[in-house]
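J.: Now that you have both chains on their own, put them together as the hints suggest.
Residue numbers (our numbering), protein chains in the order written: chain B, 568 to 1034; chain D, 5 to 103.
Don't read these hints as lab results, they were simulated from the structure. Be aware that one or more of the hints could be misleading.
Stated by the list, open to error - Derived pair list, reagent style EDC-like, types lysine to aspartate or glutamate, alpha-carbon separation capped at 20 Å:
1) K43(D) / E902(B)
2) K800(B) / D681(B)
3) K656(B) / E80(D)
4) K31(D) / E901(B)
5) K938(B) / D52(D)
6) K619(B) / E593(B)
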Amino acid sequence: MAFDLNSLTLTTAKRALAEKKLSATELTQACLKRIKLLDKKINAFITITEEKALVDAKRADDLLAREDNSPLLGIPFTLKDVFSTKNIKTSAGSKVLESYTPPFNASVYQFIEDAGGVLLGKTNCDAFGHGSSTENSDFGLTKNPWDIERVAGGSSGGSAAALSYGGGLFSIAEDTGGSIRQPAAFCNVVGLKPTWGLISRYGCIAYASSLDTVGPMARTVEDIECVMNIIEKRDPLDASQNGKPKLRFRKNQKVTIGVVKDFSGRNNDPEINLAIERGIQFLREQGHTIKEVTLPKVAYAIECYYLIATSEASSNLARYDGVRFGNSREIFNEENKRRIILGTFALSSGYHDKYYLRAQKVRNLIRQDFKRVFQEVDVIASPVSPVLPFKIGERVTDPLQMYLADIYTVSANIASIPALSLPCGFSKAGLPIGWQFLGDFYSEALLINLGFQYQEITDWHRKKPTL
Amino acid sequence: MGIDENIKISVNYIAKLANLVLEESEKQLFEKQLNDILKFFRRLEKVDIGNVTTENPALGDKKLRSDEPSASLSQEEVLSNATNRTNGFFTVKGIFGEV
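In isolation and in its complexed conformation, chain D is listed as follows (with noise of 0.2 Å):
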């Protein structure tokens, strides 16, 4: 199944997934450039993939260390650059609210 030739990006979902806020202006200019972006990526469906597979040879083995604790950030260090902080926890804004 080939690139659809009328895939358009629908900005407004992708900020969504994206967790991105974006003005008007911001999600007009993205539609024209992201779809001009895309067709060019178009050219990638032509490419004859045979048998290739995603394995990444620079990976080396895994290495493991043992399970045992060691120093760490204090939590202190951890809060440091919190932007709010309430008893040594982080702040979030509430997800169980008033509907």
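Chain B on its own, in the form it takes in the complex (with noise of 0.2 Å):
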């Protein structure tokens, strides 16, 4: 049967499969043969699970006969090569971890397979998350579908192109200190970062425990909902799991939205200050409320997040002696032991209070300007990045430049609060440009709601590269 993948989304994929309008067999073959034609180019992928893939497409074929109706079933997708699966290999992006294979599965995955959906393959990511561009990955950077000179973002590059390019319907990413949205905001696609402690991270490699959060990546809000009714599952392997997200999907509801003046007024590229004012235009002509707010304390969002991540990657890496699993710690990239070494300085004796507590006080200060603002406004709208996806080996160089970079990201993983990236529109070159709305604890509903709205009246994330 003919269909076009380009234009498929989760949504129209289930229904498509239910009208029988199409088999799980034949959209996995499609996906499959997407990969097979482009990724040796843009490198998306560290393992392709193509025979699992096609078993389970098969037994999802059957599954539909009998009218199984399992939310997920045979939906392709894959999963940020971070995330634990049985008896298929799991690098985390690392050499370190080359020829590891877990014995058990991450419980998000379990969640998704228990749903129906199919595996396509493990996506490339920089090595345990330290990376805004795939740059820092030990199996090869992977290229933006949209520019190949340029790079797809990090750390979940992998799972944004793939996404982007066609190769599975959704992904299931991590995000630390923006790790989901800014590769979605570079290659046109939709990424969540839920409220911390919502979702297990139960199998999920650590790089920084109080930041680390799961979340999906797909190609509309309204898949984005999808996946989060499946993986926001109670997990008694993760004792942090706590909260549940308020609200349902109330449609039309129309929201105040804060706008922060500190943030358009840095040195963003004007073409993304552009595109974010004319997507808050868009939304006062429906009916939303614009009031500028303030956010004083995020001007340090950077310093803490890069002090409380580096200490915890330190403790967390320090798991990695090559006696239990993986390979000797001297196979860490340049990257990984910069941060392991600045973490490890900044939790040492003599500096612990003036570094990693300090910037766990600023953080909590940090935590207060979000409550006070949520108290005024129901989300806020910012950008993603204050750069367009930047060409390969632009910013890898100068450690300080990269990390710069998150302004804008970082704060929602300080804050521990959820932030929903979408696209807003593209550059005069074609590059993409997303823009983030933020809410307070377990406002996903909320977020989901203001963007499917957006969603309706623009069409950005419809468009597809043309590879």
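T.: Spelled out as structure tokens, the structure:
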């Protein structure tokens, strides 16, 4: 049966499968064909699970024939290679775990399998999540399908790029300082960083435990909601899991949207500012209220983030001792070593109070800023990145420059709040621009509601790269 | 007490704490880069902390399960990724050796 993989979404694919307009096997085969055609050039995948995918698709077709209505039955998806998949290589993008095969499944993966999803493969990422471009992957960088001389973003560059070119209809990734949202913006897809603690992290290879957040990437906001319904399941294996999303989807709900004065004054690419101003105007015309807000302590978010994240990473990466699993620590790449050293220093005797503890205190001041603002507005709209997708090699040799570009994304991780990144336009040169909606704890449904309304009046998200 | 203007990371010492073996070129690179990064972090010193604590409001209540043994990984599964194993144990480098 003929169908156009480019225009399919998770939601429309589900409908097509139910109406027997296409089969799960045909859908999976189409995705695998795209991957075979494009991935040598793009390098979005570390492992492609072709055999398993075809077996799972066939099983899905048998179940569909019996009117089984598992919510993700037959839908092809990918996992960032930080999620443990039993008997399937899991590397976290690092040569340290090059030959590591987990003996268990990450819980979110198990939930999706139980719901009938078809795993296509494990996607490329900066090793251990240390990076904002996927140039720090030990398995080669991932190119941006919109311009292969540019990066796909990071650390979940592989997930974003694969989704963008048709290698699956959703992906599960992880966001510690922007790793879902920035590649989503760079590749013209949607990415949600949920409230910290909402989604189980069991089986997700840890980078910085108080910042790591598991979340979905998909082609539309509607698809994001569908995946969230599956992965937000309660998991007894993650003792830090808590809270549940407030409200359910209320169509056409009008909200008050905060625009942060300091954010547009910064040195953003002017095309990004323009796209966001236009987005704000669209929403104003739809009946939402726009209000200017301030977040003065967010000026310190980068320092907080890089001190807390590297400190927690130095502890989490101590487990890689080459004894129970993995290769020796000498194989950590330069960025991994740099972050371990910085984090170890920040936690070391004599400096712990001045650096790590102080960063945790300033963190709570940032939280207070957001709490105050969310009493005035429902949602904050902001850029995701101050720069358009940059050229390969342009920023990787200057770590501080790379860190500073995370300015808009890290604050959501610092404050543990949810943030939805979605397309809002293109530069004159055809590069995707994304923006994000931030909300208070457990306000995912509000963000999804607003995002859905925005996607009803715009079609940026429908555009696909020409490859 | 402020952050000392002249704080420099002793990469040698920190690498030892972090159980990392670094090449000489890496040590020099990190010494320069990390000291630049630290200078940038000095901005935190200017923030008025007041009485703020380090309590994390995102943490929920402690959840405990009943203390009952249940199925876990088998010994074979646990050893499956080991670099070296002997008689069902992980093999490690000797700690007590000849001085």
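J.: Need the status of pair K619(B), E593(B): alpha-carbon distance at most 20 Å?
T.: 15 Å, holds
J.: Next pair to validate is K43(D) with E902(B); report whether the Cα-Cα distance is within 20 Å.
T.: 19 Å, holds
J.: Quick one, are K31(D) and E901(B) close enough, alpha carbons at most 20 Å?
T.: 11 Å, holds
J.: K656(B) and E80(D) were given as a pair; does the straight-line alpha-carbon distance stay at or below 20 Å?
T.: Status holds; Cα separation ~17 Å.
J.: Assess, step by step, whether the Cα of K938(B) is no farther than 20 Å from the Cα of D52(D), and give holds or violated.
T.: At roughly 18 Å apart (the allowed maximum being 20 Å), D52(D) and K938(B) satisfy the hint.
J.: Under the criterion that the straight-line Cα-Cα distance not exceed 20 Å, is the pair K800(B), D681(B) satisfied?
T.: 12 Å, holds
When the structure is compared with the earlier hints, no violation turns up for any of them.
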